[in-house]
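Asks: What follows is the residue order along each chain.
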Amino acid sequence: MAEIVSLQEGIGSLLKNGDTVALEGFTHLIPMSAGHEIIRQRFEELTVVRLTPDLISDQLIGSGCVKKLVFSWGGNPGVGSLHRFRDAVEHGWPHPLEIDEHSHAGLTNRFVAGASGLPFAVMRGYRGTGLDMFTATVAPITCPFTGEELRAVAAINPDLSVIHAQRADRNGNVQLWGITGVQKEAVLAGRKSLVTVEEIVEELDPRPGDVIIPTWLITAVAVSPGGSRPSYAAGYYQRDNDFYIAWDTISRDRETFLSWMKDNVL
Amino acid sequence: MELADTYTSDEMMSIAAARQLSNNQICFIGIGLPSKAANLARRLHAPDLIMIYESGTLGAKPTKLPLSIGDGELAETADTIVSVPEIFNYLLQPGKIDIGFLGAAQIDRYANLNSTVIGDYNKPSVRLPGAGGAPEIASSSKRVIVMLRQSTKSFVDTLPFVTSVGFGAGPGDREKLGLKGAGPVMVITDLGVLEPDSDTRELVLTHIHPNIAVEKVIESTGWKLRIANQLKVTESPTASELDAIRSLVSAGK
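Going down the list, the protein sequences come from chains U and F.
First residue of the first sequence? That's 1 in our numbering, and the numbers climb one at a time after it.
First residue of the second sequence? That's 267 in our numbering, and the numbers climb one at a time after it.
Simulated from the structure, these hints should not be mistaken for lab results.
Note that the coordinates shown come from a computational prediction; the quantities given were computed from them, not determined experimentally.
C-beta: ideal position from N, C-alpha, C; glycine also.
Check each hint, because a few of them may be wrong.
Stated by the list, open to error - Computed footprint of chain F on chain U, listed as stretches where at least three residues anywhere in the stretch have a Cβ under 8 Å from a Cβ of chain F:
no.	region
1	70 to 84
2	177 to 186
As the list claims (entries may be wrong) - Residues of chain F clear of chain U, computed beta-carbon distances all greater than 12 Å:
no.	residue
3	354
4	419
5	445
If we strip away everything but chain U, and leave its shape as in the complex, we get (with noise of 0.2 Å):
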């Protein structure tokens, strides 16, 4: 069952320095206050997992939490550049970043198969990419019945996932709608997992298109309102498309970053 714990509970409680981290949200419902409770909590050594590494994942890679990054498309959405990611790999600041590189449909497939318990899922791609012959954790194999060649990835199962949801209710099932991603298969995956959410309800009346994750498969649940911002919710409030194009400006330099860390994070 899950318990109902603070955020800054939640962190402290469930992660250590050098775990492996999945931050999951598909644009919509980012854990962007989770990701800052990881900053103020002065992590370090993390292995960090998302596809879409965002502007969370510039903010921990510029504040030096992050050791090793596991992504598949690592922009500003609409935007431009992740300069603090940038920079770190290209001229290792605040120190030099490891990435372990996959397209959407390879790091999908790999929290698919750590949420089903297998070493590795099979897809057809990569063959013929960069990708292929960069990364690691992807592999040739062939299948069995048909003889055709096809590509292993291996499985991904974060020491703790963290998710943020719009609802949980006072046993700590949760409930999320909207663009899901593929965050069930992260908290699948995850050996543990942490969902931060808008509101604790009585009742989690249903919702087109809603997931709902029972208390039993989730470690903690933590209360954060606005904990997607600038993100969004669906259903509380919308994306702030203005600020992603605002984190242009504030990422580029590395003074202005820390200072605005500062001000609005620390």
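Could you slot chain F onto chain U? The hints should help.
Replies: Frame of chain U; chain F shown alone:
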């Protein structure tokens, strides 16, 4: 001056791309130039174009140009929303997508695409965002249309990194690699349109946009560009096309 007499090369590119899309095609759309062209097509001749974004929004019908592939309006207007495993494993991989519509930072003569790095992979001079959905969109869509602005920086002789495969090193490579879709059928730029030669698979300039000199296209290509024997001139934008593109409102500033 008539509206149709003045337009930018970017407008021409978007309009030329929009003309390639038609009603009821299932189109997997990358953000940026492809998204703009597809949304333009929906406002012109293809209101029933089925737009799919990799966030899992199937049949999105946004009123504004989305800034990201996961904007709220894409979800609110979609026929349905599926998970990310579902969109890649159940829709794209088995070949249910008619057109994969992609942008990239760089392209080579065989329409292979780079959106990963400039320079050495392990020590890049420019780190680009990376693959996203593109490699599988390029390999598994029935057909692929690519859009990018043409210059010697983007049209290069040798790619530093192959993010998505077009025709590999030439004829037969897609088959050898087991890629199911037909690959790129068209590359639309701000200067013209390139199509793969049916034998060699090399991109050939088949259309040139109005008021663009062939020399300009040649100079903007990082390899010795082949020109089609019967080079055509793209039809100029109509007033209604320009009106439609100029009335598109972006979700971001």
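Asks: For each hint, tell me whether it holds in the structure or not.
Replies: Hints, one by one, checked against the model:
no., hint, result
1, 70 to 84, "holds (count 10)"
2, 177 to 186, "holds (count 7)"
3, 354, "violated (4 Å)"
4, 419, "holds (16 Å)"
5, 445, "violated (7 Å)"
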